[in-house]
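Peer 1: When you read off a place in the sequence shown, starting at 1, and then add 814, the result is the number in the working numbering.
Since the hints were made in silico from the structure, they are not lab data.
Hints may contain errors.
Per label pair, the in silico range of CB-to-CB distance [stated by the list, open to error]:
#1 Glu1233 <-> Ala925: 21 to 29 angstroms
#2 Leu820 <-> Val906: 22 to 30 angstroms
#3 Ser849 <-> Ala886: 17 to 25 angstroms
#4 Asp859 <-> Pro1238: 33 to 41 angstroms
#5 Asp827 <-> Pro1238: 24 to 32 angstroms
#6 Arg975 <-> Arg1178: 21 to 29 angstroms
#7 Ser849 <-> Ala974: 47 to 55 angstroms
#8 Leu959 <-> Ala1106: 26 to 34 angstroms
#9 Ala1010 <-> Gly912: 53 to 61 angstroms
#10 Ala1086 <-> Gly1190: 52 to 60 angstroms
#11 Ala974 <-> Val921: 54 to 62 angstroms
#12 Leu820 <-> Pro1156: 23 to 31 angstroms
#13 Gln1159 <-> Thr1125: 37 to 45 angstroms
Remember, it's a predicted structure, so these values are computed and weren't measured experimentally.
Don't be surprised by glycine CBs; every beta carbon is placed ideally from N, CA and C.
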Amino acid sequence: MTALPLVRLVDDDTDLLEAQTQSLRIAGFLPEAFSSATAALQSLDADYPGVILSDVRMPGMDGFELFRRIRAIDPELPVILLTGHGDVAMAVAAIRDGAWDFLTKPVGLDALTAALRRAVQARALVLENRQLRALRGVPVAAGQLLGDSTAMVHLRDTVARLAEAGVDALITGPSGAGQTLLARAIHREGPRHARAFVHVACDALDAARFDLDFIGAEAGQPGAPRHTRLVGRLEKAHRGTLFLDRIDRLSLPQQARILHVIEAREVWAAGAAATRAVDLHVLAASQADLGAMVARGEFLPDLYYRLSGVTLHVPALKERRGDIPILFRHFLLAACGRLNLPVPQITPLSQARLATHDWPGNARELIQFAESVALGLPVLGEAVGEDVVGLSEMMAAYEAGVIREALLICGGNVSRAMERLRLPRKTFYDKVNRLGIRPEGFRGRGK
815 MTALPLVRLV
825 DDDTDLLEAQ
835 TQSLRIAGFL
845 PEAFSSATAA
855 LQSLDADYPG
865 VILSDVRMPG
875 MDGFELFRRI
885 RAIDPELPVI
895 LLTGHGDVAM
905 AVAAIRDGAW
915 DFLTKPVGLD
925 ALTAALRRAV
935 QARALVLENR
945 QLRALRGVPV
955 AAGQLLGDST
965 AMVHLRDTVA
975 RLAEAGVDAL
985 ITGPSGAGQT
995 LLARAIHREG
1005 PRHARAFVHV
1015 ACDALDAARF
1025 DLDFIGAEAG
1035 QPGAPRHTRL
1045 VGRLEKAHRG
1055 TLFLDRIDRL
1065 SLPQQARILH
1075 VIEAREVWAA
1085 GAAATRAVDL
1095 HVLAASQADL
1105 GAMVARGEFL
1115 PDLYYRLSGV
1125 TLHVPALKER
1135 RGDIPILFRH
1145 FLLAACGRLN
1155 LPVPQITPLS
1165 QARLATHDWP
1175 GNARELIQFA
1185 ESVALGLPVL
1195 GEAVGEDVVG
1205 LSEMMAAYEA
1215 GVIREALLIC
1225 GGNVSRAMER
1235 LRLPRKTFYD
1245 KVNRLGIRPE
1255 GFRGRGK
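Using the sequences and the hints, build the whole thing.
Peer 2: What follows is the structure, given as structure tokens:
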């Protein structure tokens, strides 16, 4: 669940403080109320994930002195000052010194919440960039199954058991979701990790050389070297793992050949006097529904049932949106390390894209986006020449992402989404209509 935006309220007027606290809670914030600047400074550090909203005129330490103390703790922690008309000149001076904003009393709730949301978003970006800079020197582990979603936790738990058992398995999921990564993780975690992992791209095979490539041939046979034996991929995977990627692209005769080897665990190369035993752990991946292909006569039932006894599904990124920031950080650090580049600042538009884009190319597309960010290339929709995206467009994109996330989590249940977002019905529907969001499209897609 996404944390509510955190706001530390400071005002010596207890009635006003209580009213502001209640209003901000209704507006979807998590307010922390303090009746003095001294109390508000306690436990405040550079890792504070929220923003500060403080009155200016307070006994003892006033709002300006509080701002100066906070600036010494963290100059990038947003402080918004609430001022009377007589304090405007001093507030402007505070802005020049680094205060985030000032609002003149009395301030409407819409103006107040809009200013706070901008400040909260800026704070999130600051902390995100600090985290990336802190991780810059940490080695990026290859082949990790990253993510906190239920699906990824289940896959990580399953990998170790499946790898140890050495059971053949079928991996399903859309293009670019990470089927190969999962297959390599199973190989790496099992007792065969020191042996070969033979990755076969079934959609790129040469049908005319299928037997030679898979089975091999003795020396002097057609297609084989004159003096040495041609070792096929099946034999190369002996005591290791054979990964048949896009197995749905094999023809029926090719499927039959593969099925025979999987069941017999032996190969008979052209020109050989006898068969050779092969000890294989077979993993297959498919983007197509093999069960439907069986029904249409396009896939052999025996091969399907031989592989699908254990089936692992890698969901699309849009089905596990909470994993996207984790994956993006990983890919960005990997790109910066590979290209020997400093970790860049993450712009609001990049963050909005992460929150709102459906990533039809899945992890492969996210990797390309991370590389573009690492290289400083313009994000789709960012300023190019005179084409400048304004703050309102950025905020709309971010707001749309939050609403879509809530609808996805709630499986399209509007009442639950409104409760999660703490929005009244009219406000919710005004927003989804303005942002072009169709709640019914999220039904049945809950995390």
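Peer 1: If a hint holds in the structure, say so; if it does not, say that too.
Peer 2: Hints versus structure:
| no. | hint | in the structure |
| --- | --- | --- |
| 1 | Glu1233 <-> Ala925: 21 to 29 angstroms | 26 angstroms, holds |
| 2 | Leu820 <-> Val906: 22 to 30 angstroms | 27 angstroms, holds |
| 3 | Ser849 <-> Ala886: 17 to 25 angstroms | 22 angstroms, holds |
| 4 | Asp859 <-> Pro1238: 33 to 41 angstroms | 36 angstroms, holds |
| 5 | Asp827 <-> Pro1238: 24 to 32 angstroms | 28 angstroms, holds |
| 6 | Arg975 <-> Arg1178: 21 to 29 angstroms | 28 angstroms, holds |
| 7 | Ser849 <-> Ala974: 47 to 55 angstroms | 53 angstroms, holds |
| 8 | Leu959 <-> Ala1106: 26 to 34 angstroms | 27 angstroms, holds |
| 9 | Ala1010 <-> Gly912: 53 to 61 angstroms | 59 angstroms, holds |
| 10 | Ala1086 <-> Gly1190: 52 to 60 angstroms | 57 angstroms, holds |
| 11 | Ala974 <-> Val921: 54 to 62 angstroms | 56 angstroms, holds |
| 12 | Leu820 <-> Pro1156: 23 to 31 angstroms | 29 angstroms, holds |
| 13 | Gln1159 <-> Thr1125: 37 to 45 angstroms | 42 angstroms, holds |
Of the numbered hints given earlier, the model fails none.
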